[in-house]
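A.B. asks: Residue strings, one per chain:
There are 2 protein chains.
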Amino acid sequence: MEAKVLRVGFLGFGTVGRGAYKLLTRSPETLTRRCGAVLVPVRALVRDLSKDRGADVPPGFLTTDPAAVLEDPEIDIVIEAMGGVTAALKYSLGALRAGKNVVSANKDLIAEHGQELFAAAESSGADLLFEASVGGGIPIIRPLKQCLVGNHIDEVMGIVNGTTNYILTKMNAGNGGFGAALAEAQRMGYAEADPSSDVDGLDAARKVAILASVAFTSRVTFDHVYREGIAKVTAEDVKYARELGGTIKLLAIAREVDGAVEVRVHPAIIPQTHPLAGVGGVFNAIFVKGDAVGDLMFYGRGAGELPTASAVVGDVVEVARRLVSGNGSGNSGLSCTCYDEKPIRRMNDVHTQFYVRMVVADRPGVLASIASIFGAQRVSIASVIQKRKLENDAELVVVTHPVREGDAQEAIRQLRLLEAVTEVASVIRVEGFATA
Amino acid sequence: MEAKVLRVGFLGFGTVGRGAYKLLTRSPETLTRRCGAVLVPVRALVRDLSKDRGADVPPGFLTTDPAAVLEDPEIDIVIEAMGGVTAALKYSLGALRAGKNVVSANKDLIAEHGQELFAAAESSGADLLFEASVGGGIPIIRPLKQCLVGNHIDEVMGIVNGTTNYILTKMNAGNGGFGAALAEAQRMGYAEADPSSDVDGLDAARKVAILASVAFTSRVTFDHVYREGIAKVTAEDVKYARELGGTIKLLAIAREVDGAVEVRVHPAIIPQTHPLAGVGGVFNAIFVKGDAVGDLMFYGRGAGELPTASAVVGDVVEVARRLVSGNGSGNSGLSCTCYDEKPIRRMNDVHTQFYVRMVVADRPGVLASIASIFGAQRVSIASVIQKRKLENDAELVVVTHPVREGDAQEAIRQLRLLEAVTEVASVIRVEGFATA
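Chains as they are written, first to last, in my numbering: chain A, 1 to 436; chain B, 1 to 436.
Just chain A, same shape as in the assembly (with noise of 0.2 Å):
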């Protein structure tokens, strides 16, 4: 039987277009063997021919006309993976109108435009897969749709930025504070010169939207994710969660409560035996729980030109096995699993431990008035540790029980207005303690 042969053109060829050309054609028959077809690269949009795009492409591969991409009637699958927003959305669009099956890297795109893009994939009955928005070449979007879909998950908890992560432990090998593990970053090529993206949790803020989407069935957008950064993580901050038994972690959290989602990017100080703890480097990892299977964690490489590439290549060839097998009238029905409307948890109804470091003076009554401003806002303290004496002052590090996020604000803000406190140093969210 001859193989179809299914053409595919490329919205962008940079790092992550370039890893997945070199995947498709270093074996095209092995390739064909496992997916019936012949998948062949025609064309790739790109803003300037003369660069250097470190793949060996055939003359006339390249192009800036969109219309060479979109408009072809022999391209089947399209890969997006230019970046950016505006115009992957508009050829993204064009593309899937056309009746192409989209392949997209582009988490910017899936989490702020999902929505859009899902419906006019549904209306062409073209796929619209994106496994490679979330966790580089982790398998995690295909699992949670596919693997895992006589669960209702709980949770879905991720370490799903290598920047920060590589920053974060290098803190806590004990090399210094925020800034130098920054800068060691940039020089090892993991940050870029503006880290904003990373270090205040952008990025990993638009794929826990995406997660959290696929997760509970439900749309999550970038807006309505909770965030923030690691900037303010001090080496103190590290040190001392070390002591109590705890890691920190830029987490992203998704979460099903009582019908609502729940869901935020902040650092966290989670056990060190929990399974996201051990998670180190560049690496990232998704720690799931399913009602029936319990927990789970996948762990991998979170970017990177090859990883990445492996994630679309294995949308590519899904996409493949189904034009194969005959089934070209309709999708996948795995492009869009948004069958319900739950509610977003407003941060401040969402429930969580608190770790709060205080330099407050160092006299009789200090800790009853503190201890009264937290009790007057129903945040019930699991323990209270002085670290350190200062000149007039001692470090204090407060560690409440599962608090209303509202009340330990409100109560923290108080405590800033009190005289005694010279000052609120560090607050972070505590995060899979057993608690009783």
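One thing to keep in mind: the hints can contain errors.
Note: identical chains are not told apart, hence a pair may lie in one copy or across any two.
BS3-like, lysine-lysine: derived pairs with alpha carbons at most 27 Å apart [said to hold, decoys possible]:
hint : residue 1 : residue 2
1    : 342       : 22
2    : 22        : 289
3    : 51        : 4
4    : 342       : 289
5    : 387       : 239
For the record, the hints were derived by calculation from the structure and aren't laboratory data.
Dock chain B against the given chain A, drawing on the hints supplied.
C.D. replies: Quick look at chain B alone, frame taken from chain A:
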């Protein structure tokens, strides 16, 4: 649009069957929304109608008549969770030949009779899916077949047996030797009265045969797997491994090296920094190295009613989605993915490091005779450590560089004949350490 009704039959209704029944019936509208079909469990073949099944099934649901499942033309999907091989093979073949899709949780069956079963599935255009056969609820088969299809998989290394991992975790925590840890595992219900299938590595060998077949797209059966259990691992070995920066795990290892597949199950010392080292208790984890994606790990519960049922229901929904999407004439193309015929490497030709613990005469010249035996077999030594002074003897631990298995075994055979060697007490392979 009215949802298609798909009827589900069961072969066997023990722990896994009951779990799948619970997941299929607890919230049918949710599942229908997720797969586009109404999934209706209609009948289960059992041996004993009077046994309490721990699930509230309708009258007439249980039957002792195989034909009531196999010959009911209304049954589209059959869940095979009867365990054992002979009857499971007969009935699964019957179901596949009748064009029914089979979802199996039976590792023995798949590892020993996969070829025959997949051929039957292929000729009738049915699917035979088996995510639940390895790693319980951990998604691993589908990620390998779909998400990672663009990779050449170099290695799959897993902790795939919870019983032995529980025993080794206990031993590692300093709770005595193998016997005491096994007794505790039995008390906890993690090990059976006759623990040999777990402890001797039979269970892990079946699972790694399946993993290797999927990872290397070439048939590997139980008979191909070299196998050693954990009964000979001692408290001293656990302690010394720790001193070497390692931890002892029962590993299931499958590698493709130079086009040949090696596949084995045995205790091994791995670095404490390896992602698998932290996998404790009854948890399972599978580490995968792909040439594009790099290192991945999948972690979770490898057994149990609902974790295993989670995987079964994932497969059932997969079949349902295909049947709903109109591709009812051929199967998914994902049942059998053994496109290649790769040779199996003989165990003697495998390369690995060895830890050899010996009791030897404590006198000059002994080390030289030992070293010369290793040297004559081209076994290069990485370290020699004297561990304990015994009465007239000394305890020595030798760690080799990576060497050919056959050479190491020949050296060890000769050591045992050496007058100065009182005992070769332990031989444990060493995996995953960086070697120069």
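A.B. asks: Taking the hints in turn, state whether each one holds.
C.D. replies: Evaluation of the provided hints:
Only between protomers do residue 342 and residue 22 lie at most 27 Å apart by alpha-carbon distance; the minimum there is 25 Å, versus 41 Å within a single protomer. In this homomeric assembly, residue 22 and residue 289 come within 27 Å of each other (Cα to Cα) only across copies, at 18 Å, whereas the closest approach inside a single copy is 35 Å. In this homomeric assembly, residue 51 and residue 4 never come within 27 Å of each other (Cα to Cα): the closest approach is 33 Å inside a single copy and 53 Å across copies. Proximity of residue 342 to residue 289 under the C-alpha cut-off of 27 Å is restricted to the intra-copy arrangement: shortest distance 18 Å within a copy versus 38 Å between copies.
In the homo-oligomer, the alpha carbons of residue 387 and residue 239 lie at most 27 Å apart inside one protomer (11 Å), although the nearest pairing across protomers, at 36 Å, exceeds that limit.
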